[in-house]
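S.K.: This is what each chain is made of:
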Amino acid sequence: MVENTPDSLPNRNRRRWLIADGCLAAAGLIGLSRKAHAASGKLRVGMTPAFLHDQHSLLDEWRDFMAASLKRPVEFVQRDSYRETMDLLQLEKLDFAWICDYPYLHLKQVVRLLAVPLYQGRPYYQCHVIVRKDNTAVRSIADLGGSVFAYADPYSNTGYLAPRYEIRQLGRDPAVFFRKTFFTWSHRKVVEAVASGLAQGGAVDSYIRDTLVHVEPALALRTRVIWRSPEYGFPPFVAHRSVSAEDFQLMQRHLLDTTKTEAGRRLLARLHLDGFTVGSPALYEGVSRMMRAFGEA
Amino acid sequence: MRWLFNLSFRHKIPLWTSFLIGFSIFVVGAALMARAYEDMKNAVVISAENLGHTLANTVAPTLLHDDTWRAFEIVRSPIRSGSAHTPVEVDAVVVLGRDRRVFVSSDPDTLPMLTEAANLGADWLRLSDWLVPETKWPLVLEPDNSNYLYLVLPITDNDAQLGHLVLRYAKSVFHPWFIATSWQAVGIGLLVLAILIPINWYWASRMAAPLVDLARRMGSMPETVPQPLPPDMYPYHDELGQLFQAYDRMVLALRDKAALENEMVKSERLAAIGQLTAGIAHEINNPLAGLITAIDTLKLRRDLDPRALRHLDLIDRGLMQIRDTVAALLVQTKVQARPLNQHDLEDIRTLIQPQISKRHIRLDWSAAMPDELPAPASLVRQILINLLLNAVQAAADGGQVSLWLGRKDGSESCLSIVVCNDGALLDEERLAHLFEPFSTTRAGGHGLGLWMAYQIVTQLEGRISARNIDGRVEFVVNLPLGENSCSTASA
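As you go down the protein sequences, you meet chains A and B in turn.
Numbering that gives the first Met the number 0 applies: residue 0 is where the first sequence begins, and numbers increase by one.
Numbering that gives the first Met the number 0 applies: residue 0 is where the second sequence begins, and numbers increase by one.
Calculated directly from the structure, the hints in this document are not laboratory data.
A couple of the hints might just be wrong.
[Unchecked claim] In silico EDC-like links for lysine to aspartate or glutamate, alpha-carbon gap of 16 Å or less:
| hint | chain 1 | residue 1 | chain 2 | residue 2 |
| --- | --- | --- | --- | --- |
| 1 | A | K41 | A | E74 |
| 2 | B | K170 | B | E262 |
| 3 | A | K179 | B | E88 |
| 4 | A | K132 | B | D108 |
| 5 | A | K107 | A | E295 |
| 6 | B | K298 | B | D312 |
| 7 | A | K41 | A | E245 |
| 8 | A | K179 | B | D65 |
| 9 | A | K70 | A | D256 |
This one's a predicted model, so the numbers in the text were calculated from it and none came from an experiment.
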């Protein structure tokens, strides 16, 4: 069903339903459960494929570091697609989340910008379109027409929105440009799909691919980048609007102070990040523009 | 080829049995190997079927939702790279959609997505012909000239056919595996041979050795009569054992026959000598009687001078000696005799007593007889005296002589006399000419004692024989009692 119509997912309708009716309908029950959590002091943080979320030891280390620093119990909630994390945020099952910039703009009504990670010293990243290293025939996205293409996630900017926008800029319809497209639900698996030859091309997060080059060079170096997008605001940490001002401050301060401790710096090194900044919604103007081009937001 | 059949049993039996053992091991081994190959193929098919069903069920939802990546993850899950390959390890998994195009495959490089199955190669062209509802699933396909074995299963969801799952197995993987198994089998075969061949050679040579020995012994006939086989050479009762027993019986019969012939020759010779000596003795006796009478008459004359008288005495003594010798040679048995009684035996004991005492010889006297026996007393006395004196002379100083007299084996019709001495044993030559006149070399004997005994016994239709037994020399005489003949072949 994805073939030729990758953007025909019933996303928008579903999203509206959730925002308009679902949230309200579930409000009573969920509010109750959220208060129960607030009372126990446990902070629930959603983790998404915005980074290599399947590195479990890294997540454990991070959670312990966070809990120790905040002096509060912390629960990391991992989901394999952005959509699931977005649903959890809308259902107030999460207090904080590290999500992609694209879902952030979708959930602007529900979440507030908490902090933006600094990658290579700046809060920006790119979309990389990759092909297999031995595939020397392809030099640009235009050469990939009629091939099989791997997207990361329908709610990923770099893994879905940005490449489609570029194809549109080339004057082609992204819905029919490729012979077949599919989602791998993770940037890492896009690299895998391209490296294995399943797809001839794929769109990935530049931050994740660069990290993979360090973490798993055997896999990452079997691919080569043929297109780099303009810079977009880095996937941000967001807080649900219902999170109290104290908790918001507490978490924001924790993130911004990560670089100040040895444990924090060690963690950042493992994440291949340089720190956090407060950031501003203006960082994501580029993404908004692309969304508007596709009639979203 | 003929030389092979002419070989000695010593070589032929082990060679043939070794050949048969080797051949059997080869045939059984080959059959087992063929079976092992089939079993391995069956194991591959069974394993493939299990895997296929699992994969077909798991991959069905991904076909329904067109989830390429999940499908890829599923079909790739049984593929292991880097590990040692086993025959049951799947080489490639392919999901074909309803349109018979590759929906996903575990090896996108060689089996790319969206390619029509028929365009993937000759194997796949044949395979796609089978993708019809009439096919009986699972389909196991082993195309000719192909290095692969395929197993195909339909992918269904609530009776709706979504596509087909194809599992491909590389036969090139199970060849080395099969060869490894073969080497193992060869090793076991050689081990069995290494154990069986020496056992076989030992057994075969054990069986062949008596046969070879038998052939050698029989080959020496009829020039010589062969020895009987040693009794422990083949102590079994199978056909071979029976053959050896028959051989032994034959050898004994031959030996008896030879002994009989020997005996007959000896008897005939002795009879001829007897006739000759009797003839000569008669010819001498007649003029001798005249001569003795003439000398007696001469000696009665008074006018003889002492010198002539001395010569006459000399002649007389010479003639007397001739008469004695001739009388001894001319054994006369046709005399009216009284039966033998106890007193005769006592007389004989008394008569030889001085000789016994002189030589310090121990005498074992065992005469079990009734008061009277219907045997000619004077002749039996002559035989006994001759045999006993001969024994005493043959025995060593301080040695032993024994006499046994009685009815042979309790028989009513036969008198047996057995005289033994512990002197020097008799050699073959002596035995052959023992009963001939003047055969003795002993000083002091006239060499006619045994001859006389033989003549008497023969004329009484009895038998006399001598042999060495238990380190002693034994003389056995069997005499018929009364009119009955003494039915005895030899002592």
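S.K.: None of the hints should be skipped; say for each whether it holds.
M.R.: Here is what the structure says about each hint:
Distance restraint check for A/K41 and A/E74: the Cα-Cα separation of roughly 7 Å lies within the 16 Å cut-off, and the hinted pair is therefore satisfied. For the proposed pair B/K170 and B/E262, the alpha carbon gap of about 89 Å is over 16 Å, so the pair is violated. With a CA separation close to 31 Å, the supplied pair A/K179 and B/E88 exceeds the 16 Å bound. With a C-alpha separation of about 14 Å, the suggested pair A/K132 and B/D108 falls inside the 16 Å cut-off, and the hint holds.
Between the alpha carbons of A/K107 and A/E295 the distance comes to roughly 13 Å, so the proposed pair stays at or under 16 Å and holds. In summary, the hint linking B/K298 to B/D312 is supported, as the alpha carbons are separated by about 8 Å, within the 16 Å threshold. A threshold of 16 Å between alpha carbons decides the hint, and for A/K41 with A/E245 the separation of about 14 Å falls inside it, so the pair holds. Note on A/K179 and B/D65: the hinted pairing holds, with a Cα-Cα distance of about 11 Å set against a maximum of 16 Å.
For a cut-off of 16 Å, the pair hint linking A/K70 to A/D256 stands: about 15 Å separates their Cα positions.
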